[in-house]
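Line by line, the protein sequences are chains X, A, G and V.
All the letters of the first sequence, read from the start, carry residue numbers 0 to 356 under numbering that gives the first Met the number 0.
All the letters of the second sequence, read from the start, carry residue numbers 0 to 356 under numbering that gives the first Met the number 0.
All the letters of the third sequence, read from the start, carry residue numbers 0 to 356 under numbering that gives the first Met the number 0.
All the letters of the fourth sequence, read from the start, carry residue numbers 0 to 356 under numbering that gives the first Met the number 0.
Treat the hints with care, since some could be wrong.
No more than 25 Å apart at the CA atoms, straight line, and that leaves these computed lysine-lysine pairs for BS3-like [what the hints assert, rightly or not]:
| hint | chain 1 | residue 1 | chain 2 | residue 2 |
| --- | --- | --- | --- | --- |
| 1 | A | K224 | X | K224 |
| 2 | G | K130 | V | K224 |
| 3 | A | K132 | X | K224 |
| 4 | A | K224 | X | K130 |
| 5 | V | K130 | A | K224 |
| 6 | A | K130 | V | K224 |
| 7 | X | K132 | A | K224 |
| 8 | V | K132 | G | K224 |
| 9 | X | K224 | A | K130 |
| 10 | V | K224 | G | K210 |
| 11 | X | K224 | G | K224 |
| 12 | X | K234 | A | K224 |
| 13 | A | K234 | X | K224 |
| 14 | G | K224 | X | K130 |
| 15 | X | K210 | A | K224 |
| 16 | X | K224 | A | K210 |
| 17 | G | K224 | V | K224 |
| 18 | A | K303 | A | K130 |
| 19 | G | K224 | V | K234 |
| 20 | G | K224 | V | K210 |
| 21 | A | K224 | V | K224 |
| 22 | G | K62 | G | K77 |
| 23 | V | K130 | G | K224 |
| 24 | G | K132 | V | K224 |
| 25 | V | K224 | G | K234 |
| 26 | G | K130 | X | K224 |
| 27 | V | K180 | V | K132 |
Derived by calculation from the structure, the hints in this document are not laboratory data.
Residues per chain, in single letters:
Protein chains: 4
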Amino acid sequence: MIHLAVIGAGYWGPNLIRNFSQVPGARVAYVCDLDAAKLAPLASQYPTLTTTRDYNEALNDPKVDAVVIATPVSTHRKLALDALRAGKHVLVEKPLAGTSETAREIADCARESERVLMVGHTFIYNPAVTKVKEMIERGMLGEIYYIDSSRVNLGLHQFDINVIWDLAPHDVSIILYWLGKRPLRVSARGNSYTQDQIEDVAFITLEFADKVMAHIHVSWMSPAKLRRTTVVGSKQMVVYDDLEAMEKVKLYDSGVETLKLNQETRAELQRIYRVGDVLSPRLDVVEPLRVECAHFVECIRDGKIPRTNGEAGVAVVQVLEAATQSMREGGRTIDLTPVPSPDVKGTSGEGRLRDAD
Amino acid sequence: MIHLAVIGAGYWGPNLIRNFSQVPGARVAYVCDLDAAKLAPLASQYPTLTTTRDYNEALNDPKVDAVVIATPVSTHRKLALDALRAGKHVLVEKPLAGTSETAREIADCARESERVLMVGHTFIYNPAVTKVKEMIERGMLGEIYYIDSSRVNLGLHQFDINVIWDLAPHDVSIILYWLGKRPLRVSARGNSYTQDQIEDVAFITLEFADKVMAHIHVSWMSPAKLRRTTVVGSKQMVVYDDLEAMEKVKLYDSGVETLKLNQETRAELQRIYRVGDVLSPRLDVVEPLRVECAHFVECIRDGKIPRTNGEAGVAVVQVLEAATQSMREGGRTIDLTPVPSPDVKGTSGEGRLRDAD
Amino acid sequence: MIHLAVIGAGYWGPNLIRNFSQVPGARVAYVCDLDAAKLAPLASQYPTLTTTRDYNEALNDPKVDAVVIATPVSTHRKLALDALRAGKHVLVEKPLAGTSETAREIADCARESERVLMVGHTFIYNPAVTKVKEMIERGMLGEIYYIDSSRVNLGLHQFDINVIWDLAPHDVSIILYWLGKRPLRVSARGNSYTQDQIEDVAFITLEFADKVMAHIHVSWMSPAKLRRTTVVGSKQMVVYDDLEAMEKVKLYDSGVETLKLNQETRAELQRIYRVGDVLSPRLDVVEPLRVECAHFVECIRDGKIPRTNGEAGVAVVQVLEAATQSMREGGRTIDLTPVPSPDVKGTSGEGRLRDAD
Amino acid sequence: MIHLAVIGAGYWGPNLIRNFSQVPGARVAYVCDLDAAKLAPLASQYPTLTTTRDYNEALNDPKVDAVVIATPVSTHRKLALDALRAGKHVLVEKPLAGTSETAREIADCARESERVLMVGHTFIYNPAVTKVKEMIERGMLGEIYYIDSSRVNLGLHQFDINVIWDLAPHDVSIILYWLGKRPLRVSARGNSYTQDQIEDVAFITLEFADKVMAHIHVSWMSPAKLRRTTVVGSKQMVVYDDLEAMEKVKLYDSGVETLKLNQETRAELQRIYRVGDVLSPRLDVVEPLRVECAHFVECIRDGKIPRTNGEAGVAVVQVLEAATQSMREGGRTIDLTPVPSPDVKGTSGEGRLRDAD
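Kindly generate the complete structure, drawing on both the sequences and the hints.
As structure tokens, then:
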């Protein structure tokens, strides 16, 4: 039995408690929050749960195996490092940290502590996202050319972070997961219209090796909600529309080929368009957060590396940070220094763990 | 009666002849094409039409008032200058020219000749586009914050021009028309996937004064067709979806306001979201090209400046040129030198003409 | 303070308890169910709630003002009559009863007891439905011609009642509420495909005075879910699509007029089609069940007649019964005997109560 | 070379001429219309075409193999019989005739004359409709349970025929083609709202053997256009939406099974819902009328029976006639007398011809 302590009983904490309560082999032992008023309803709903305003109580309990951090991003560093140093495995809500330096520090600490570090990029546990990943891995799309994603709606603005840090973690984590690689360069354009300094609209470009490109449009200022991502490959193409009730993923057996009929003259080039069937595969009906919680427990129990491990969390933060910097410097291209392999044990980022997927 | 000569009997020429034939007060007298095979069916369909392989025949006929140029863009310069110098009014298909320098030369020639020069940006005569313009002019949207436009589909690739020159003229002309001003800076990212040098995907950013921004996504490589433009204003917002059969324009009575409850502390900021009615106004049922043709005839007859005059055509070409340059230089921001007022008579660009709208 | 007892702790009971708990001036005092296992979680969630397996305990408590019945339809008669005779006001889940005779008996008992009887036709408290009612009452649609409604999806089949009794109560209650009158004739066609006797597909026609017609298609066998109702009036038309996230109600300023240019000859008839703006009005964001619960409490407190009173419940049951009968007799038209005015106090159906709306 | 004469140069005639002109092996030799003004533009457009106001000129020309009748339905009988008796093959626009008796007479005449008789039910040559037929024939849907079709829009009213005769021929011909059998019973409900006697809204039910049912809703009074047909089978289900630009046909791998766990008790019944992939197959990009024209020419040349032969045309007219009768008698069920096998040569209806499909 894995015993967990959840820190943070605000909006997301209760969802985590509810889902972990349904994972076989897991038990939520503690919930911690500075605000006692948030603890009371949880105490009555989960009679076996210990509630406390001091998270050290949980860290000092040797029965506790893992800590789940669902607090504002500014507190992630202290809480995560304390927990890892207390020998606990850690699940941190996204984004891992507010700067890539801090994110790096947390990930390094996890590796040194040989503890599981997982970041709550819930979309990576969404059946639609994993179905597209499966299509890519099986080569169904061919070589990926580019990805275009729109995540726009009216509100809800944040007062402390801009729209990139609020909405783009989803797209960035999905895109890096699908492509299985990290961008070389990031740039962004955007503006703040309703509040100084807090940009509410942004257009982000990620450039990868081999001319692969991704574009992300995020906005809190759009009248009609969009959650739409297109993946264009050399063989087939995918549209993932999270607002569709039934057909969230569509695989288009469509493509373009350029035939060079004659090497000498351009005039003899010919393009062939293939417009074929559209397949919308059945998706599992599961709550992504439930899958995420079960995955965390499984990684602890079996010594596996989470799909959204610390390195994945660092990579997302690097992109968000670079995009914000680029946006504030008028769209200047930011080169991402390649993340060095942390040590000889592999590129996975966690010490003795092995890949979960 | 205005007598016209149409040069170019390829794909678009016959549409122009058909539409001009239905404009009261206009008569198509000549159609010119180097390829006699293209002239034959037009001759049989329009018995009063003179067909010729030599356009000078039309230029030399004093009865001809105006010339309509529907030929490849590389020929626009010679044909337009010849026609203007022969004292003819000119309608040129979009884009006006392949470089801003040439576009400038044609527009200057029109001004000096005191002839009407109009560019065939047909979307500016589309009832949906003019309805949105009307909403903006009447202040219904408030201050415009940003515009986001997607024009993507599978094919049809061009072999001689990239996707920016092929698809973006529509979005650029619409955006400049709606905003009534020109961008200060242009940048773009894009790639060619199916043919060297001919980019088939691009993301373009236009920056205007006062933080107004426009973003355009064009692609020949997208599995599902999109023709969708969002205009976000401080009071209301519009989505124009050209693929909708009935409700192409939707006006959202939605917005965001930030109240500063207390000047000292950020914590007391409060945002108010307004989500109100959605109105889809009735649009006139007319063929935009028909409106365009009638507008050209009206401008000639009444000495008015066309809505899509030479200066508008130059502005579009400048943006397309800058976007392509930026894309090829890795997204570098290109400053657009402000277009000097051509002469003391005004910024309109045509000598003695007065504004049509 | 109105004290309530909820009978039935299955699927719907907990929703009723949750919503009544949020209505000012109301308190749920009892929850009754034969199955103790269903009572336990409610006891821990609502510490002040008395749970019991014997509903007479609640009926005998003079503090209890009203009883809410959320049990299978076969039990409605006994429970409702017992509660009314014990002097309690009653809210019964839809449908009021399994036969019109029983429904009549319950409604009569309520009138004689001078108690509030309300039926849980929740859609009548849905903001989209009340917005359309408001449009009709304000004469915006003109004279109503016909209503067409589709409520189809895959499953969930019931084993004891057919698709008419399962899905059509929604459409029938909405249509009677909008039209404010009862049908003269009912007919239906349908079949059972996956289980004997339990029809899973039906097409129902309601005929009202003055050629007004309504058609309802219900199915458990349709691959794509539909919740779509069209109201055609002489002036304007409405489509209410409950699956639309944002624009559930659309008012079309469209219509047809036939001009008789000449009384003698048909040839001079001319039809004029008006296709105008489409307006999607903002709807209140409320949970319909919450509005229903507040309405019940208000009717008890202020002696008002509920919008979905016993007579409305009887009328719905009469239509469902007639439709099933017609379907089983090959679509024979069933005349509905006009419901006699229950007594001299009015047509409202409840003794001393006055209309709530 | 098959030589054709087209009678009727109104709305549809020119489409027929244009399409037949593109069919290899066919030549339109004559076009006939009482109105000389309609002939003139066709003469100039098709220089080799003989135009005449007297169709007997074409019937008397031994070079003419076939006659295409695109005139009002009231003239079909005389024109078709004259043409067949003159030894010509005949293509008649839908519906074949205004009464089933007349339709029968024309079909019988064709059989006796051993000429090809084809009815212009163009939808049967639509790639979406033939794709669904192919799915049904290959057993992909299993046993067909029911079909539900909506064909509604605002206008265009006819002054001489009701909405059943105007719109339902499409649905009826499609449904009979897909099912490959004829209904036993027909009933309909409907009303006329904007003009006496000419019903503008109708709901039609077709009952076939083995509990198979079809329902058709047609209206000229609906604010939003619908062209949507659902086919529910025991294995899979199809939605054909003709207004979809790209995905007109969707095959849902969904279904319901009822397991009888215990033969004794109902309580142990269990339903299993299968919700699987959705496949939208690629459809050929062809003009259905072009396919229809080519099919007619092929049938003449190769002595084949058209897919929409005289018997198919008779069957459609019988349903339309019965539906109108039922509607005018308050929805009374009309039994369709089974169509007798016309002669010993087979059920196909044409004398020496063999099945085309």
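Hints, one by one, checked against the model:
no., hint, verdict
1, A:K224 to X:K224, "holds (18 Å)"
2, G:K130 to V:K224, "holds (23 Å)"
3, A:K132 to X:K224, "holds (23 Å)"
4, A:K224 to X:K130, "holds (23 Å)"
5, V:K130 to A:K224, "holds (23 Å)"
6, A:K130 to V:K224, "holds (23 Å)"
7, X:K132 to A:K224, "holds (23 Å)"
8, V:K132 to G:K224, "holds (23 Å)"
9, X:K224 to A:K130, "holds (23 Å)"
10, V:K224 to G:K210, "holds (23 Å)"
11, X:K224 to G:K224, "holds (21 Å)"
12, X:K234 to A:K224, "holds (18 Å)"
13, A:K234 to X:K224, "holds (18 Å)"
14, G:K224 to X:K130, "holds (23 Å)"
15, X:K210 to A:K224, "holds (23 Å)"
16, X:K224 to A:K210, "holds (23 Å)"
17, G:K224 to V:K224, "holds (18 Å)"
18, A:K303 to A:K130, "holds (22 Å)"
19, G:K224 to V:K234, "holds (18 Å)"
20, G:K224 to V:K210, "holds (23 Å)"
21, A:K224 to V:K224, "holds (21 Å)"
22, G:K62 to G:K77, "holds (21 Å)"
23, V:K130 to G:K224, "holds (23 Å)"
24, G:K132 to V:K224, "holds (23 Å)"
25, V:K224 to G:K234, "holds (18 Å)"
26, G:K130 to X:K224, "holds (23 Å)"
27, V:K180 to V:K132, "holds (13 Å)"
This entry satisfies every hint, going by the numbered hints stated previously.
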